[in-house]
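Sequences listed follow chains A, B and C, in order. Each residue of the first sequence is one higher than the one before, counting from 1 in my numbering. Each residue of the second sequence is one higher than the one before, counting from 1 in my numbering. Each residue of the third sequence is one higher than the one before, counting from 1 in my numbering.
Since the hints were made in silico from the structure, they are not lab data. Don't take each hint at face value.
Said to hold, decoys possible - Residues of chain A clear of chain B, computed beta-carbon distances all greater than 10 Å:
(1) 188
(2) 237
(3) 274
Claimed, not checked - A short, non-exhaustive set of chain C residues, derived as facing chain B with CB atoms under 8 Å:
(4) 34
(5) 147
(6) 148
(7) 154
(8) 158
(9) 239
(10) 240
(11) 241
(12) 242
(13) 255
(14) 256
Being a predicted model, the structure only gives us computed values, none of them experimental. We put the CB at the ideal spot given by N, CA and C, even for glycine.
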Amino acid sequence: MLRTSRFIPYLYLTPAALLLAFTFGYPLIAIFDFSTRRIRGASGPFIGLENYRQVLNDSVFHQAVAHNAHLLLAVPILLASGLLLAILLYERPRWWPLYRTILFLPYMLAVPLVGIVLSNMLQRNGIVNEMLRAIGLNMLALDWIGSAGLALWSVMGVIIWREMGFGMMLFLARLQSLNEEVTEAARIDGANWWQRVLFVTIPQLRGVIEFYVVISVITMLAWVFSYVYVMTRGGPGNATIVIEMYLYNFAFRNALPGIASAVAVILFLLTLGLTIPLFRLRAQAAEEDRA
Amino acid sequence: MKARGLTSRRQFLKLTGSSFSLLALAACAPTQQAPQQPSTQQPTAPTAAEASPAPSGVELRMSWWGEQEAPGLENWLKESIALFEQQTGHQVTPTLQDTSVVISEFQTASAANSAPDIQYFWNGIYHMESVWLGYVEPLNGLIPDDLLKASNATVLSVFGGKQYRLGWYAVPMMWVYNKEMFDKAGLNADQPPKTWDEFIAACDKLKASGVIPVVGGLKDGPWGEWYLGHSLTQNLDSPGEAIDLFVGTRDWRDPQHWEPWAKLEELWKAGYMNDDMNSIDLYPGIDLFGAGKGAITQIVGPLVPRMQSLLGADTVGAMVMPAFGQGNMAGKPIADTQGLGISSQSQHKQVAAEFLIFLHQPERVNALWEQVKQLPADSTWDGSVIADPLLKQIWQEWMHGDNVPYISNLMPTLFWTDAMFVNSQKIIAGEYTGEQAGQNAHDVTQKWVEQNPDMAEKYKQWAAEMKL
Amino acid sequence: MNANLPFDKAIQRPANPAMRRALRLFSWSSALRQAVLIAACFLVLLPAYFMLATALKTPEAYSLSKFSFPTSPTLDNFNAALRGGRFVVWFLNSAILAISAVAVSLAVSALAAFAIARMRFRGATLFLGLNTALMVIPPVVMLIPLFLLLTNTRLIGSYAGAALVYAGLLTPFSVYLLVNFFRAIPHEVIESALIDGAAPFMILLRIVLPLSVPALVTLVVVNGLWVWNDLLIALILLPRDDLRTLMVGITVFGSRYNNDVPVAMAGMLLASLPMLLVYIFGQRYFIRGLIAGAVKG
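Based on the sequences and whatever the hints tell you, model everything.
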C-alpha cells in the first residue's frame, strides 16, 4: 500500500464518485420520488401509491411480467447448450478453434442487427418457412413473429441464438483453468464420459455456473428491450410486451413518467433481490477457495 | 404510430394546411415579394406582453420533424430561414427531431423551462396536452385570423376558442386503388366502390382475378391507426363524439362503435388481405401496393407521388373508405395538416409569429410545392398549378371539399398502444372478434381515465366545445 | 449404462496419448462430437449466409428463391442501402460516442481503481462494494430521471450528455476490472519506484498503467462495443435525426426496408463490418474481458 496523506485517495476517487452519482445515484433516488407523483413534464402532484396500484392492477403489466417469466425458460437452455459446447470444445476435437470462433460470432453482433436479420428470416414468407416448405414440412411454416402464440417463442429463440456463445466461452475459459488431473483420475478410475461430466466437471464449474445463471436471469428480466423493440415492438397485440417495454411506453409514449418510475422501482428491487444471492454465492465460493 | 405512421400522415396534412395559409397570406398581403410583409402585418396582431420592441438579431430555436415523411423539407426550411434572416436579421436554429420524441420532448423541455420558441406539432391530442399544461401560446392575435383559418389546422387545433397551431403542409388521408387491377377484375376503374356491399363484391372479384384485394402492414401500428381514422368516423356525427368514446362517456361496447373492428375481421376472415400483415411494418405494407401485389391500400398524401412513379400515374386512383356507417361523417374524405406552434415560454413570440407568417408567403408556399412536392397547408395557394389529375383531385376533394378531420388524432396514447394497436393485431391474429375488440377498448379507456383524471376533464371540455 | 454410451470407450482404453488421439479421430464418439458442433455452427452461420446471399441478389432473384445461392451477384443493393441510409453519419456518431465515453470512463476508473487497489483509506471497501452492486442494474431503471436531468441542463440531444451517461454506466465494470488488475501487480515493482521518490500519480502513469495494457485494451474493446451496440439510451437521449447512432439508424432502416429484404440485408452487412473487424482482431481481448468478471470473481 502506498502511504499518502489522508485526503489524497479521496481525490482520486472523486471523479468516479461524481460520475456514478450522476448516472446511478441521483436517478436511483429520483425514481422513488417520481413514482409517487403524477408527473406532467418534469414534476407533478403527490399521489401516494396510486401509480403502484395502477401498475399492479394493469393486466398489460401482468402480461409483461408473465412474458419475462416465460423468457426465463431460455436460461436452462442457454446453460445446457453452453455447457455442452464448452465441454465438447474442451476435449479439443479436430478444428476446435474454428468452431469456437464461429460459435462465438453471434454474441459479437449487435442486438438490433441480429433482430432485424432474424426477424426477416422468420417472416411469414421468409427464408425459414421457405426451407420448411421445401422439405415438405408445410404445416411447420407458421407466422413466427406475426402470431401471438409464437412470437414470444421466436424472440426467445433469437435471444438464445445470440447469447449462447457467451456461456460457452465462459465455461470453456473456466474449464481451461481447471486442474486436468482430477478428470484424468476419474477416467483412470473407470468413470465414463457422462459420469465424468456430471460428477467431476460440472461440480468444478459450480461457481461459474451459478454466476451465469444469475446473470442470465437478470438478462431475461431486464435486458431484453432491444430484442423486443426491434423484432416486434411488443406485438402482435402485446404478445411480446416485456417489463422494459411497458416502462418505455409509459415514460416516452404515454407521457406518464410517474407510472414508468413505479415500474422502474419494481424492476430495481427485483434486480437487487437477485443480486444479493449472487453476492452470497460469490462470498461462499471465495471462502471455499480459501478453505 | 404517432411517431412513424402519424408522421407521414401528418406531414401530408401539414402540407395541405400550409397551402391554405399561403392563400390566406396572399389575400392579406398583396405585395408579394415583400420580405418584410410579416412585420407590416404585425400591427394587426399585437400581443401585449411581448410587444416590447423585437430587437434586430433575435435568435429563435425551432424543433421540428417532417423530413422523415416529406424528404426535401429540410432544404426548404433552411432556405426559408436564410431568406428570413436576410430580410429581418433574425436567426432561426432548427433542430430536426426523431419521430419517437417529437412530442414528449417538448413537454419535458417546457417543464424544465427550456422549450424551443417554435415547435412542430401533430394535430389533436399531440399538441393539445401541451396546451392544457400551459406550454403553448395561442396564435390568435399573433397571427392574422384569415391566415390561421387558411392554414387548415382544423377544429382539432382549437381549444377554448383559441387556435394553437398553424398548418404547414397537408396530409390528406385516403385509400388508393390500382386501376389496372380493377379493369382486369372486371370492375369500373373510374367508379371505386362507395358502399360496403359494393366493396365486398369488388374484393371478391379482385381476389378471383388473382390479386390480393387489400394490402398493409400492421407490425408497427400506424396502419391500424389509419384504419380506425377512416372507419370510426362512420357511425359518428362529429369529432366531439370520438372524444366521448376516448373518455368513456360513450360506450365502446355499443355495437355501432366496435363495428370498425368487426369490418376488419370480416375482411381478414374472407381472405382479402395479405397473410403476412402482422409481420410487416407500415411502409413495406404500402410497398406491396406499389409493387403491384395488391389492389387497394391505405395511404397519406405525401406518399401518393411515390406510388404513381412505381405504378404509372394513370394506374393509381384515390378513394374514400367505402361507407358502412350511418353517421354524418361516413364516406367523407379526411383532411389533416402538420403544423407549427409557439411556446408560451418564448421570449420572442412576435418574432416567432413573424417567422411562421413568413413561411406562408406565396413565394415560400409555392416553393414548398415546387421543391418538396408537398401540398401546402394553405387555402390561398393556387391549386391550379398542380398538373397531375390525381393530386389535383386530392387537393380539391380531400383538402377543400366536404371533408372531416382525422379523429385518430384524438386518441390518447394509451388507447393507441393498448387498444387500437392491440385490437387490430389481435383481429389479424384471429384472437379477437370485433366485439372482443370493443370490450378491450372499453377496458383501456377506463384505465386511461383512472390514470389521467386531470387530462380527462380537459378532454370532456374539449368535446363539449367541438359539438357546439 | 456404459453400453448406451459409446462415447467413452475410445478415450478410456488407450494409455498412449498418441494412440488415443488417433482413435478419437475415427471413433463414433468423435464423429458424434463433430456432428453436434457442425450442427451448432450451421445454425449460427445460416443467418450469416442469408445476409450475404440476399444482399447480393436482385429483388427478383430473391422472390424466386430465398435460399438459393446468388447466381448473378449484384452490388446494386449496397448502392441502394448507402443511398437510403446515412451509414457514414451514423457510423461517425457511434464512433464519437464510443470513443469519448470509453475515454472518460477509463480515466476516472483508473484513478479510482488505483486508489482502491493501492492506497489505504476509510470507505474503500464500501465504495468497491457499491460499485460492484451497480454492475447489474439495468440502465432502463435510470432512464427517466436521466432524461429529465439532461433536458433540464439542455444536454439532451448532445454528444456530451449521452457520452457522460454512457461513461457513467461503463464505470462500475471498469473500476472492478482495474482494481483486480492493479492489485495483481507485484509489490516490488511499486516499492522500487517509491524508493526512487516517485509521486503516486507518477507511479500510476509510469508504472501501473503500462503494466496494465492488457486490461486497458480489454476495457476499450468491451466497453466500446457496449456503447456501439446500445439501442435504448441512444434512442432516448439523442432524439435528433442528425445524431442517430448506427444502432438507431439501422433499426429505422431495417423496418423501412423490411419488404425490400436485399437492400435491408446489404445495409445490415455494411453495419456489421466494423464489429466483425473488431472480432477478428480483438477476439482475444474481448473474450478476456467477458470472462474476467465471471471466472475470477
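Legend entry - Evaluation of the interface hint that places residue 256/C against chain B, nearest CB under 8 Å: Constraint on residue 256/C satisfied, holds at 6 Å.
Inset, instruction - Please verify that hint: residue 240/C, Cβ, nearest Cβ of chain B, below 8 Å or not. - result: holds, 6 Å
Legend entry - Non-interface claim for residue 274/A versus chain B (Cβ beyond 10 Å): With a cut-off of 10 Å, residue 274/A remains clear of chain B, as the shortest Cβ separation is near 28 Å.
Inset, instruction - Double-check residue 147/C for me: the hint is only fine if its C-beta lies closer than 8 Å to a C-beta in chain B. - result: holds, 7 Å
Legend entry - Closest C-beta approach of residue 148/C to chain B relative to 8 Å, hint status: holds, 6 Å
Legend entry - chain B contact restraint on residue 239/C - CB to CB distance below 8 Å: holds, 4 Å
Inset, instruction - Under 8 Å, Cβ to Cβ, is where residue 34/C needs to be relative to chain B, so tell me if that hint holds or is violated. - result: Violated. Min distance 36 Å.
Legend entry - Minimum Cβ distance from residue 237/A to chain B greater than 10 Å, as the annotation requires: It is violated; residue 237/A is separated from chain B by about 4 Å at its closest Cβ, not greater than 10 Å.
Legend entry - Hinted contact residue 241/C with chain B - closest CB pair below 8 Å: Because about 4 Å separates residue 241/C from the closest Cβ in chain B, which is inside the 8 Å limit, the hint holds.
Inset, instruction - Double-check residue 242/C for me: the hint is only fine if its C-beta lies closer than 8 Å to a C-beta in chain B. - result: holds, 6 Å
Inset, instruction - Could you check that no beta carbon of chain B comes within 10 Å of the beta carbon of residue 188/A? - result: Consistent with the label, residue 188/A stays out of reach of chain B, its closest Cβ about 56 Å off (over 10 Å).
Inset, instruction - Grab the minimum C-beta distance from residue 158/C to chain B and call the hint holds if it beats 8 Å, violated otherwise. - result: For residue 158/C, the interface hint is violated, since the closest Cβ of chain B sits about 11 Å away, which is over 8 Å.
When the structure is compared with the earlier hints, violations turn up for hints 2, 4 and 8 and for no others.
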